[in-house]
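K.L.:
Following the hints, complete the assembly by docking chain B with the ligands onto the known chain A.
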Amino acid sequence: MGTKRQFRIWRGDADGGELQDYAVEVNEGEVVLDVIHRLQATDAPDLACRWNCKAGKCGSCSMEINGMPKLGCMTRMSTFEENETVTVTPLRTFPVIRDLVTDVSFNYEKARETPAFAPPADLAPGDYRMQQVDVERSQEFRKCIECFLCQTVCHVIRDHDDNKPAFSGPRYFIRAAELDMHPLDDRTDRKEYAQSEQGLGFCNITKCCTEVCPEHIKITDNGIIPMKERVVDRRYDPLVWLGSKIFRRGQVPQTIVTSEHSPGAVRSSASGQGVHSHAGGSHDSAAEVQAQQGVNWHREVPRPTAPAVGANGKLPLTELTSDRAAAPSPFGDDVTFPLPPEHLNFAHPKQDEKH
Amino acid sequence: MTSTTTRIERHHYDVVVIGAGGAGLRAAIEARLAGKKTAIISKSLFGKAHTVMAEGGAAAAMGNVNSRDNWQVHFRDTMRGGKFLNNFRMAELHAKEAPQRIWELETYGALFDRTKDGKISQRNFGGHEYPRLAHVGDRTGLELIRTLQQKIVSLQQEDKQEFGSYDARIRVFSETTITELLLDGDRVAGAFGYYRESGEFILFEAPAVVLATGGVGRSYKVTSNSWEYTGDGHALALRAGATLINMEFLQFHPTGMVWPPSVKGILVTESVRGDGGILKNSEGKRFMFDYVPDVFRKQYAETEEEADRWYTDPDNNRRPPELLPRDEVARAINSEVKAGRGTPAGGVYLDIASRLPAEEIRRRLPSMHHQFKGLADVDITKEPMEVGPTCHYVMGGVEVDPDTGAAYGSVRGLFAAGEVSGGMHGSNRLGGNSLSDLLVFGKRAGGHAANYIDQLTARPRVEVTAVETAVETALAPLQRDTGENPYTLQQDLQAVMGDLVGIIRREAELADALVRLAELRERVAKVSAAGGRRYNPGWHLALDLRNMLVVSECTAKAALERRESRGGHTREDHPTMDPQWRRVNLVCSLEGDTVRLDRKPLPKMRAELIALFDRAELAKYLTDEELAEFDALAAAEAEDTDAAGKES
Ligand SMILES: Cc1cc2nc3c(=O)[nH]c(=O)nc-3n(C[C@H](O)[C@H](O)[C@H](O)COP(=O)(O)OP(=O)(O)OC[C@H]3O[C@@H](n4cnc5c(N)ncnc54)[C@H](O)[C@@H]3O)c2cc1C
Ligand code: SF4
Ligand code: SF4
Ligand code: FES
Chain A
1 MGTKRQFRIW RGDADGGELQ DYAVEVNEGE VVLDVIHRLQ ATDAPDLACR
51 WNCKAGKCGS CSMEINGMPK LGCMTRMSTF EENETVTVTP LRTFPVIRDL
101 VTDVSFNYEK ARETPAFAPP ADLAPGDYRM QQVDVERSQE FRKCIECFLC
151 QTVCHVIRDH DDNKPAFSGP RYFIRAAELD MHPLDDRTDR KEYAQSEQGL
201 GFCNITKCCT EVCPEHIKIT DNGIIPMKER VVDRRYDPLV WLGSKIFRRG
251 QVPQTIVTSE HSPGAVRSSA SGQGVHSHAG GSHDSAAEVQ AQQGVNWHRE
301 VPRPTAPAVG ANGKLPLTEL TSDRAAAPSP FGDDVTFPLP PEHLNFAHPK
351 QDEKH
Chain B
1 MTSTTTRIER HHYDVVVIGA GGAGLRAAIE ARLAGKKTAI ISKSLFGKAH
51 TVMAEGGAAA AMGNVNSRDN WQVHFRDTMR GGKFLNNFRM AELHAKEAPQ
101 RIWELETYGA LFDRTKDGKI SQRNFGGHEY PRLAHVGDRT GLELIRTLQQ
151 KIVSLQQEDK QEFGSYDARI RVFSETTITE LLLDGDRVAG AFGYYRESGE
201 FILFEAPAVV LATGGVGRSY KVTSNSWEYT GDGHALALRA GATLINMEFL
251 QFHPTGMVWP PSVKGILVTE SVRGDGGILK NSEGKRFMFD YVPDVFRKQY
301 AETEEEADRW YTDPDNNRRP PELLPRDEVA RAINSEVKAG RGTPAGGVYL
351 DIASRLPAEE IRRRLPSMHH QFKGLADVDI TKEPMEVGPT CHYVMGGVEV
401 DPDTGAAYGS VRGLFAAGEV SGGMHGSNRL GGNSLSDLLV FGKRAGGHAA
451 NYIDQLTARP RVEVTAVETA VETALAPLQR DTGENPYTLQ QDLQAVMGDL
501 VGIIRREAEL ADALVRLAEL RERVAKVSAA GGRRYNPGWH LALDLRNMLV
551 VSECTAKAAL ERRESRGGHT REDHPTMDPQ WRRVNLVCSL EGDTVRLDRK
601 PLPKMRAELI ALFDRAELAK YLTDEELAEF DALAAAEAED TDAAGKES
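Heads up: the protein sequence lines correspond to chains A and B, in order. If you number the first sequence the way UniProt numbering does, the last residue is 355 and the count never jumps. If you number the second sequence the way UniProt numbering does, the last residue is 648 and the count never jumps.
Just so you know, not all the hints are guaranteed correct.
[To be verified] Derived coverage of chain A by chain B (criterion: at least 3 residues anywhere in the stretch with Cβ under 8 Å from a Cβ of chain B; other residues may be distant):
#1 24 to 34
#2 54 to 68
#3 91 to 101
Bear in mind the hints are in silico, worked out from the structure with no lab data behind them. We put the beta carbon where it would ideally sit given N, CA and C, even for glycine.
In isolation and in its complexed conformation, chain B is listed as follows:
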């Protein structure tokens, strides 16, 4: 019996940032710049967080490529993308502040691709009216995280000069997992976790915690997300008394790889379809023509001939249905597979080989050519790819105050930013809006966490009993040897979520999912992990399972409740958007052990913001009552300008 099992390393900080992705690092930088002692905690090594995988770019209306771009246009695009369910204030702040946040990165050493006149280059992306994404080839996320990482190093070097230690004011705890937040009454007092490497425990005492833990994709079998995405931050927030919103909205990207098994879920870029790639089922039929919804009928081609002419003559022909919005394509692929017309690996074929000369494919899609050659041994110039929808991003998350990032609910001193927070993207996120979201709200959360501490009169204290309980909970799976293997449980959970709470949802299946999740909850409570405490992935998974479970329950419950289809939530039994539902956010909280769901009205957009849209567009989303209000506003404004006109 060594002392290692009973030792708890204890640290005192002002701000503890959980998560070392874009949001976490930006928050930490801000807290440190405000003079706070800051800790950064990450489940993997420093610089390996999910942000590293982002490819396309970061959206910011800098207007470098098209000078007509500005924050109002970006704001409009974001609201449209989210089907008007976004928190308008977050979308507004995001659109206004994103350019500054990107420019700031250059002062940290980032090297974006350039325009001819030496400014940051910007590229087109789905849903963005003008070229807007700052990028570095197809590795923008890597540039972003490396830049922030290096900025932190540079701050540490300053501290070394001043105090003699790199760790004097900002320290990175890598491969450390937080399992519990500790409270003093309703105030955050600290965080408890373990070092993955040694299995030893660590306690942070801190009056403010910033959550930046990313998403929940590991609850699905087919996902572009890594093992880290077990919804820890979502679950920690719930257990601390905070609330989650929009948990029913998950973004499924229509084309992820499905074969070979090694790469199931990895993204296949949308440009394949943009450059002429077509989708076929196992019978060789180009099926997308059967799935054009009425609202899009006018913009999309009806015959293959017309669709094919579009690539060369877009003015006189309509677009091929392969280029419908992401959710439509994902849904179509899903139906084909369910109807038994899928490929052996459960996807459909994406064929570019028969559409373009090999030479041309290699020139236009070098990274896809390389990816399929390298990972699947498939030569996309000769064979079709197999693709299917993959779980990509969670729009839902911690309900926060838009300006400060402070979590709502009963808890104080808890902040959230990045994918773990909710509201910014509404029911559907536009590509490129996540990276800028991380920077804008990361900075805000870090800064306001620092402010919050300044207003405290006394430091909250950590209860010893709470620590004891946390230790016991963490060790429990190792002490049991009667329970099930965590990997089996994870597979079962993924099966429930993938089959019953997947891309197309039905009332009966969702109800069934809730029953099964309840069963799983019993089994997860008894999970056991073999082996010891040192770098034991089985044990780590066992501890993550309860987080995945509670977050999955939130998603299933909210999906059952929302009887409409919108963005990342599709109900087969309620296939259309309902303006009444647009006014409602579904808020999850924890009552004892069970997830509780409440309806909460959406905050109302300010007059000058709603005036940025035209009536015809709003009519698609708003209720009659809201439209009447809009008309009254417009009339009042017209009168104002009239009056002003007469006076002068």
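Next comes chain A alone, as it looks inside the complex:
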């Protein structure tokens, strides 16, 4: 009952790559991730792709399908025309590791910078009392499966790597909002933090993040806007929408980030005219080529190589010690400090002088 369908899948690594054509059998009821698994089991055993749950619960299988950020396991093949070529590319905002796998560590770094829940000092475990209506607002944000689709779609970082240090992205705005709305969180500066440290001001409420969220979290309406309301930047009206949301690389309009003391608004000079390219199918061939080659995925990672063996026919083992905390002690692991004085062979220059 299977039919052959055309796929174009981006294959490559940080050094570049290209879309490769595959004709794959597709059976009734299958999703894009199934097709990728079939390819792995047949034509392309080393095709790299993340997945875990296959049920839209873990947020591992994020990819861009015909240019639209989606979960591979929740995108049914029946949503495409029989003769349509399905193009699958890695998330564009993050550096490619290989094929469909990208380096999403940006998100984990931002997570780590966001101040954690501050438990109330005077409540013992078991004594927490909260009403259902009060927890529900935060619970909406806690549905997040960390698929990072909202992060990849957000134009503030999608085409501007240089905005990354100052901008945490919608996923972490709703983390701040969640804690802000937590009935028992002891900190009161979540909104201010979002504005001053997370770059909330960069967001101009295009709502692209809400559109792609597979958990249907109202990221903008329920998270970002309520946070902006209090710390609203008077120079900027949050409800001015940009007509154009996402641009492909190569046709990005000049974006000016006004950054005075705190990051301000993003203004686009192409308001209303840029190509809205959710579907990715921009008709600019130069931009297409650029995108395929992975421009700006500047990560130096070596190509796969065969293992090298030494003269004895075995692998020469060299060891690299980590420079981070938890590195081995240069004095050996058995030595603890301070050393007992009798083990020291140090002579103080004045030790012979009588006191």
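P.N.:
Frame of chain A; chain B with the ligands shown alone:
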């Protein structure tokens, strides 16, 4: 030839926790709180472990909804669920400590659903006498793992303040797979693995390792488990000299999706049947009436009319047979399919469409409606679902000391918690008991790993030759190009396990399975993987295969040996429970390359615990000899209270 192939990144830690699910994260938190330098290792990204998929809730006798609930009741339910094969001490600790562990999560920021008076709400679940499962809608696992993940971040933020680096005392190595544990004599000295991303090797030198690697479901074709569940922890433990128990017990959930292929195995919640859904075969027959076992005859309806009346009038009618225990339903579906009365996709029909108005279905089963609409393009208000049993959970695992989580066997410094450990759930796990198990025993394992290190006088050392061997083993599949494709081998293994060591087992088939597994072992030893080392899923699978294989051998061997049916182990040729077998645990260990099976008596329940049950119930499980002992105990106690009564 670049240096990348020969480089081994080396790290020193006090405690290395393998696994970033609920159990692993809780263990890591505890070890870090004890002041140990801790590493957390996970095959996938941080926060994506299996725990994220759990739906129903975490069982803890907090008594928020029904104040009669307490640890004794929970303990009793757990023992019943496991058909009294559980390690009683683990069940006891679990029941006692689960509430504290749940409350603790609130101090980490968790937001459970609430009762009217603002406490944590609790829901009913199969086998639990009172509403007991703390939950957040149907995404409890997500809440649990995210909360623990965020607690770890908060500890890292403290460390950043104190030492200037987030990674100073606790560090997460995501997308890193451990392939080998390294020993110094009988002591754990470290762990060896590779970064999935780059294919480069990494060596952890650490005196204590906590295994929290989850289950083994990928050895079955139809499973609710993800690619991670290849039994790595089970296999690592075996190879390090530890033992596994109860490996014959696997939980098959009766209703997993079977069609379309994309979602084969994904769970269909039990509530569909609770709300009136019925099971039919391809001939349209409601077959469950033919499968009511004698022991349940009295509680279950004999006619469709009576069964249908039960939904509205449960007091005067008996329950429909669709609501028999999980193992019975799974078995029935299996027999129908084997008899050729299955659906084209190899399941049976679960029909709710003809039973309730569309409106009502959408109201009561929103997530199922959404799941079938989204994944299968099936409108369950109009069409029946196709369902079949799916491999869900492994009760068996590393044999541990109940109090500390330290692995038995010849190895020291190895701890295990969560699904990878065995004993807690006996022959069958109750829903909701896993999430609380992760927290209770995760904490214990992490804490005791820290204690163990404090008692060491010298740090064990990693042997260079052992590392060399580990490197060679890991690279071997890439260097061979004559062997078979790992995906083919996995399919063959799944076929053997699904067909011959599945839900219903027979002596001849199990013996046959062992022969085939032995053949597969030869083929797996020669597997080759195409491509390079960078994020190469074919290579990763090739390395996982040997773990899946050895764990499958344990399951097949133990299943052949246990000549009775109990919980997650059903023998067609020995269809009943045998009290003699209840006293026996089957223990697997590794002798050279081969799996060795021993019988070991079950620890005997303490007097005050066995006294929590009444005699009539115990009589179903215990031997006459054990019952006599119980009677003697009861008599002695009666005398005691008598005497005490006279004195006062
Ligand atoms: C669909 C579904 C629904 C469920 N619902 C419930 C429920 O409602 N209530 C309940 O109590 N239970 C439920 N369960 C069961 C429960 O979710 C699991 O048993 C539990 O989450 C296991 O947790 P864990 O910490 O032991 O392991 P996991 O969460 O599975 O984590 C294992 C970790 O080990 C890592 N790992 C494995 N091998 C290696 C290796 N070689 N090297 C490095 N890392 C490795 C993995 O990457 C992962 O991080 C459900 C299970 C499923 C599948
Ligand atoms: S609404 Fe804000 S955060 Fe969301 S995509 Fe648009 S700019 Fe980014
Ligand atoms: S908010 Fe939605 S889109 Fe963003 S990471 Fe979470 S689940 Fe994904
Ligand atoms: S595989 Fe988990 S969300 Fe797709």
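K.L.:
Each of the hints needs a verdict: does it hold here or not?
P.N.:
Do the hints match the structure? See the list:
A stretch counts as covered by a chain when three or more of its residues have a beta carbon under 8 Å from one of that chain; for the region 24 to 34 of chain A and chain B the count is 7, and the coverage holds. Remark: the region 54 to 68 of chain A is confirmed as covered by chain B, as 7 of its residues place a Cβ nearer than 8 Å to a Cβ of that chain, reaching the required three. Residue count for the region 91 to 101 of chain A with a Cβ under 8 Å from a Cβ of chain B: 4. That meets the three needed, and the coverage hint holds.
Checked against the numbered hints listed earlier, the structure breaks none of them; every hint is satisfied.
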